[in-house]
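A.B. asks: The whole structure should be built from the sequences, with the hints applied where relevant.
Chains as they are written, first to last, in the numbering used here: chain A, 19 to 186; chain B, 497 to 964; chain C, 352 to 453; chain D, 20 to 527; chain E, 7 to 637.
No wet-lab data here; the hints were simulated from the structure.
Think of the CB as a built atom: it goes at the ideal place given N, C-alpha and C, for glycine as much as any other residue.
Check before you lean on any hint, since a few could be wrong.
Claimed, not checked - Heads up, simulated EDC-like pairs for lysine to aspartate or glutamate below, C-alpha to C-alpha not over 20 Å straight-line:
#1 K180(A) x D643(B)
#2 K452(C) x D643(B)
#3 K105(A) x E447(C)
#4 K173(E) x D389(D)
#5 K452(C) x E597(E)
#6 K126(D) x E921(B)
#7 K964(B) x D90(D)
#8 K180(A) x E524(B)
#9 K111(A) x D449(C)
#10 K111(A) x D446(C)
#11 K46(A) x D446(C)
#12 K176(D) x E597(E)
#13 K180(A) x D590(B)
#14 K180(A) x D525(B)
Stated by the list, open to error - Footprint (simulated), chain C over chain A, 3 or more residues, beta carbon under 8 Å:
#15 34–48
#16 68–75
#17 89–95
Listed below, chain by chain, are the residues.
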Amino acid sequence: MGDGLMHTLAFYFLAGITLAAATGVVFKRNLVHSAFLLSVTFLGVAGLYMTLEAEFLAAVQALVYSGAVAVLVVIGVMLTHRDDMSKSNPPNKMVVAGAGAALAIVGVLVWAVVATPWKTGRGAVVSVADIGRRFLTDFAPPFEAVALLLLAAVIGAVVLFKGGKVQS
Amino acid sequence: MNFSVLILEISVAILALLLLVIDLSMEEDQPRRNIGYLAACGLAVIFFFSFTRYGINATFWHGMFSLDDYAVFFKQAFLIGAILVILFSLDTVDRLPHSRAEFYALLLFAVVGMMVLSSANDLITLYVGIELMTFSFFILVGYVLSDTRSTEAAIKYLVLASAASAVMLYGMSLIYGLSGQMGYAAIATGLTASPALLVGGALLLSGFAFKIAAPPFHMWAPDVYEGAPVPVTAMLAMGSKAAGFAAMIRVFTNVFPATGYPWALLALLLSGASMLVGNIVAIPQTNIKRMLAYSSIAQAGYIMTGLVAGTAAGVKGMMFYLMIYVFANVGAFGVVAAVSKHRNGENITDLAGLARQAPMLAVAMTVSLLSMAGIPPLAGFMGKFFLFSAVIDAGYLSIAVLGFVLSMVSVYYYLNVVKSMYLAEPIDDRPFEAGLSLKFTVLFAMVATVAMGVYPGPLSHLAEVAAK
Amino acid sequence: MIGLSHYLLVSAALFGLGLFGLLTKRNLIAVLMSIELMLNSVNINLVAFSRYTAADASAGQVFSLFIIAVAAAEVAVGLALAYAIYRGRGTVSVDEIDWLKW
Amino acid sequence: MSLPILSMILFAPIVGVAVITCLPQTAGRMIKMVAGGAMWVCFFLASLMFVNYDWRVGGVQFIEQLAWLPDAGASYSLGVDGISAPLTLLMSVVGLSGIYSSWRIDKRIKEYFILFLLLVAGVAGAFVARDLLLFLLFYEVVVIPMYILIVVWGSTKRVTKEYAGMKLVVYLLIGSGFMLAGVFMLYVLANPAGQRTFDMTVLSQIGQSGVIPAQQQIISFFLMMLGFATLASMWPFHYWSPDGHAGAPTAVSMVHAGLLKKLGAYGLLRVGLLMVPVGFKFWAPMMAAFGMMSVIYAAFICLTQSDMKYMVGFSSVSHMGYIVIGIATADVIGLNGAVANMFAHGIMTALFFSMIGHVYNTAHTRDIKDLGGLAHQMPKAAVGFMIAGMASLGLPGLLSFVAEFTIFTGTFATYPVVAVLAISGIILTALYVLRALADVLFGPRLTKWDALPDLKAPEMVPLVLLAAFLIGFGMFPSLLMNVINSGIEPLTPLLVKIKTAATLCGGL
Amino acid sequence: MWAEFSLTHAWLIPLLPALAFVLISFFLLSSPWLASRLAIAAMGSSFILALGAAAAVLTQGITVEAPFVMKTVWFSMPGLSVDMGVLVDPIAATLLFVVTLITLLVLIYSTGYMAGDPGYCRFFAFISLFAASMLGLVIATNFLQMFVFWELVGLCSYLLIGFYFFKVSAREAGKKAFMTTRIGDFGLLLGILLLQITFRTLDFAELAVKVPAYVAENGAASLTFIAILIFIGPVAKSGQFPLHVWLPDAMEGPTPVSALIHAATMVVAGVYLIARSFAIFSVLPGALTVIAWLGVFTALFAAFIALTQREIKRILAFSTISQLGFMMLALGVGSLTSSMFHLMTHAFFKALLFLGAGSVLHALHDQADIFQMGGLRKSMPATCLMMGTAVLAIAGIPPFAGFFSKDEILVAAAHVSTPIYLLASLAAFMTAFYMARLFILTFLGKPNPHNHPHESGLAMLVPMGVLAVLSVVGGIIPFAMGFGEWVRFGPAHHAGIDWAVAGASTVISLLGFALAWYIYGGGHTRSNDLTIKTGALYTWSFNKCYVDEIYQWFNRTFVGGLARLSFWIDIHALGAVVDNAWRGTGAAGSEMRRLQTGQMQQYAAVMLSATVVLVILLAALTGSLVKGGQI
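C.D. replies: What follows is the structure, given as structure tokens:
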């Protein structure tokens, strides 16, 4: 995707999809729709990774997020909502305040992005091998920690679900 | 690559896994007390072993994960805290309907997370350490599924902690973008002044402020502390907070100093806000865990004055204070755990007449609370002495005055508890039952609190060495 | 020519949307989804920086991978808790989860 | 002397606590005897110390020093000079009397005596400490036992005992919060990091050498003053004190008025004047004025009180005003008088409270309007009342007179207006003291009080002991004044320096 | 030998009674016989020592200028050194003699008068304590020592006035006495302090040297102020207007106490104080003028009130005030000799009058109204005779004691100021009148049938007899022996009689007698007429010119008002600030607690808004730094 125009078009397309889908996630009143749009958002983000030449990451994004996480979300939706889905995802009373806070944060972030003179240049191309090496060298401690974290999450999920069974 | 640097974390992780394995070999309805004892003993062995780690000052792979005296000191604080919490939680855990061994394992996972945090020398390790600790707590907080308050607390903690993580991560990403580096030392050299640094620093600070529950980032804490099982609250109040400080001190002293970032001022504001909000809102509380939550917010305010000072003496004061806070906290929550189990209530009125039914526990509670308030000759006074003399030395008299005065205001609500224990009539005539290990733990914490107040020399020396 | 700032702006917008959702959605699961949006925006940032500026380019992507892993675990635990509270109270409406207060 | 006599004084009550802790709750008499025994030991040791204190040599004597917290420059360092030796004696006398005034306690005896002995030990430690950190440690430790003693064994009159106790605690502790900041500020400013010390002698030398800039001294002293003056119940920081007295059980009132307030004044002198003299000079005129306000204002209020404990409570505010004024003079004579009055007022007010306590314990009222003619039923207590009352109004022949006269002499030279107004306090004092004595002790015999017992053997101890000190030192004041002067006279160069230094704030 | 011993052991004079006090109060409270004998023995020894001291003064050439001094440091510190000691000079010797003698007599009298009283032992203890204090006062070497004993005699006075403490009136009278003298002490203390500040000493001898020098150098203005402050003490102690109010009430005490303390000894302490420090006063003419005028006013004022009083002891009390006025007046006109002389003779006859009154009251079972008496001369002849002697003495009829002393005062006054002399003579006239009135109504006329009087016992009559003798010869003997040679200030006072003054005063006194006889001699009718005719004047006199009422009003309104105001401020201003601050903190806590709504999204909103605020704050703080290229 070295080509400038292609890159530009791809970017706008993917960014548009991502943001539109994300908007849908936030504003849709049907939780199931939101969940599907979330999946679309994740895919859009994966596309953006592609345009950034992070193919491995894009793949992981598509697999883990768009696949696993979104499916998990849908399961969650199914488990917790069994009645009418069309009004399952209403906004609460602080829409205006929330919008204000969100806009304020976005404003700050945009200011940071725009006002900062970023050192732009071409970063090194990151290969999967690079990533793998780093996992096993200098980032080995967090890598192991994250392994424990996942174990904890598994135990947690089991405990939290199993507890329900014992109860019922 | 030097895996011996990780030996403490690995030991604890292996111990946790061992507990899980042993649990598998036991019948479902067998008590899991022995697992608790095993966890405590294992941790104790690791704790004593950790003394040999002083003076090593090694890093894992070019400075990414650092085992210096500073880290060892904090790891010891987490370990001793975890040992004591496990010892006084045996009774509480026994009453859980299920997954009792997993409770200890998760507690150990949380400890591993804290230990990683105290050594974290780069943003990734920092993040993962925080998440490992936080995840374990999500589950631990919501452990009592029969009590939806526990679940509610867990959900609140999960949502808010994740939001805070997101904010913090955004800050990290900006800093990464500016410096192009993940390691603290490298970041420090690569940073240039810019709005992105400003925003990134602020977001990072917000994340830390969330972890140490400094107002206005504190609002999760009272709800979560109240809903969580008592031992978990104790661990949250000291471990999570101490780990937050451990990481924060490292970031603020290693990453930002050269940039002229006015972090002393920010710390000053957060510290003042913590003291004020914590102490004032604690006054009308009726639930003792909630009161202790606000009290711990105030404690965080005192501790942060060390960061305001920003000197080695200030850091030493923070470390000293965090260590003694562990004991005070264990003492207080241990008694709360006993009362909660015995009387099924966690209100201040549920402690009524404790002085007659269980004088030892009442004394321990009094000593712990007064230590938090900084009444001599208890350890809290010495802690405040180190902190506030450091901050006065750095030229911030006002925050020291505020700290002293508000810590004396805090005596008011602590004494309300004391009054309830000593003055009010017991609410029932049942002889007060408390497990032997709990009594031992509480007594130990009390003795430690008094001892470190009367003879603070060794700990002070240790903290001073570690702070350098 | 698409540069760093474009990605950063998209990321900021995504962050803002996620934040808005976090603050305003009444359904707990929607709130969890909003958090995922915020985490994704961080990831876009990291990858963009790694691509455009970073001296240590691979670290950004490594970080992103960590975040993805953690986020996945978070969803799992979050849903478990949501289910637990649903069992206990029959609702996942965030504004009804307010027994603990004051 | 190689005997660690000061440590023994300090640890006598603590050993008592340890022994009592091991006794069963039911062994009430045994507990009382152990407590009494501990305080007798303390008293004898303190007397021995006082007698052996060589006032011709002066300076700090009976020094003991052990390393404690070398990192911070603090050590376990004890010693007494001419100022603290009499106060240590005072502590033991009032403490011992307090035990015997508590003889009628019958509720939760064990806890009561444990807390009371802790309270006394705290005061003892503060008086014998030569290390500032050690001083602060003991200074603060007294408040909490006091609180529990008030809320459990106290009495509710105009205000509830819970309120009174809490007010006392909050007031004292917030005051001490400010004070701690001021003291640590001094500690930090006095030496560069690494060489810091809490040694009182060294800090005094540094404070007097002018190393610390004037502005800092002024701030530091102000903060200290908020704490010490609150404990010394100086107007307008006295509001905790009368309610505290009224709510507290007898012996606690005795310790509170007799010892704790002296601790505040002692702090003003020992820490405030000696370590931050420039700050002291700046605030001294205000202190003198506030001291005078204490004297007059509290004396006026005494006229309206019908609860005897309130009356004596306000009266102790009034008398503490004299002490504050005496200290504010920064004059050899005034300071001598202030220290002497600390001793005198400590004994006197303890005696007063002890007698009131006896009346209250037996008659269950202490309202002047209800009582009357008690001299018929309890002549011995009446004698005690008379002696205390006469000491209160500064009758010569009792120690208070010598002390007050000395203060007046010192004050007149420095603050004549304050002196005149403060001296007019003696008229008001006479007015309320005589009114109370007349209405309580004299007048027709009231049959409803016929059943009241007079003082019995153990309860005579406070009366005899305290009266003996009041009269003995009153007739032979040199015994006391020489010792005090040996502590004050060496300060002359400093005091002259304070007096002659450029004026910071207009004198009154 | 004996004189020498007495002089060098003069400190024993106060110490012996003090010892008696201690012994009685610790060991003899329940053995009346032993207690009284011990007190009398101690007092007797003191008396012998006092006599010896007086003899030593006469024989060893001890003069006012060269007193015998012995002292030791009481307490001292740099800049303030206070001694306790013994100073014996002719003035002090006179007082020692008078005090020990009268105390001894009163003690003996009391064994009869107080017999059977439940507080018998207490009484003797207190009298002993009083004697010790009074004697200590007399031999004081400096102002502070004098002040110390001054206060102690005040204490004894308080204790003895309130001796019948079960009587509310006695209790109140004691309180009043103490309070009133306290006001005087305030002035005295201020004066003493000012002296200490000014001269760095309080020693009488040193002051006598320093004061004239100071006056010569700096003028008299500031010292006059000091002297007047000091004078306030004697005003209260010696019952001068306007602080005389306590003395009439002090008669609530047992009569021997009135005789001893409130007539003969303690009340003259004020006079003695001025005399003792006359070196100061004598160089301050302004102060002397004040003293003289206040003295003469008091003499008149008290005599005016005494004219109409009905209680026997009250009349005597006002008489005492009046006579004290004379003594003050004498000092004010610069005649220390006449003042001391009158002090001595007054002690004799006034003590006698009181003891006589006591005898009467004893006989009449405390019937105090003279209009209810009458005709006692038959039933109590000895008392009547001795009272008559005393009346003649006080009225100044030659050759009784009062004649010589009063004459000297009038002479001295006449030398200085004619108005003072005239007013003093008027007072002397009134004295004669009211004393005659008292005597006539009590002893002459018809007996009251309700009374069943009887003569008192020997224990009471013998001391009275001694005093009666002294009332007769107590004036002429010292006069003849040259009292003024010894007891003087400055040059020796030559002994002689100014016949014009003496004659005039005798005539005036006789006129007073005659008028009294005219009014009261023939029954009660004329006196009733008089009451009606003089109207307002009578009411004023009878009500003691309403001074007490004014004080009460002042006390209630101002002192009480200020007290209530202070208390109100304490509770509602100072207290309210604190309580409300406290309550406010609690309320703030409760309010802030409400912010914690339990809604996690609100928590999140707060957190994120705070982040934004943090950023803005930082930007504002570091704005300049950012522009400068460095945050």
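A.B. asks: Work down the list of hints and note, for each, if the structure agrees.
C.D. replies: Against the structure, the hints come out as follows:
no.: 1; hint: K180(A) x D643(B); verdict: 15 Å, holds
no.: 2; hint: K452(C) x D643(B); verdict: 16 Å, holds
no.: 3; hint: K105(A) x E447(C); verdict: 17 Å, holds
no.: 4; hint: K173(E) x D389(D); verdict: 17 Å, holds
no.: 5; hint: K452(C) x E597(E); verdict: 13 Å, holds
no.: 6; hint: K126(D) x E921(B); verdict: 14 Å, holds
no.: 7; hint: K964(B) x D90(D); verdict: 14 Å, holds
no.: 8; hint: K180(A) x E524(B); verdict: 13 Å, holds
no.: 9; hint: K111(A) x D449(C); verdict: 15 Å, holds
no.: 10; hint: K111(A) x D446(C); verdict: 9 Å, holds
no.: 11; hint: K46(A) x D446(C); verdict: 18 Å, holds
no.: 12; hint: K176(D) x E597(E); verdict: 32 Å, violated
no.: 13; hint: K180(A) x D590(B); verdict: 17 Å, holds
no.: 14; hint: K180(A) x D525(B); verdict: 15 Å, holds
no.: 15; hint: 34–48; verdict: holds (count 6)
no.: 16; hint: 68–75; verdict: holds (count 6)
no.: 17; hint: 89–95; verdict: holds (count 5)
Against the hints set out earlier in the document, a violation occurs for number 12 only.
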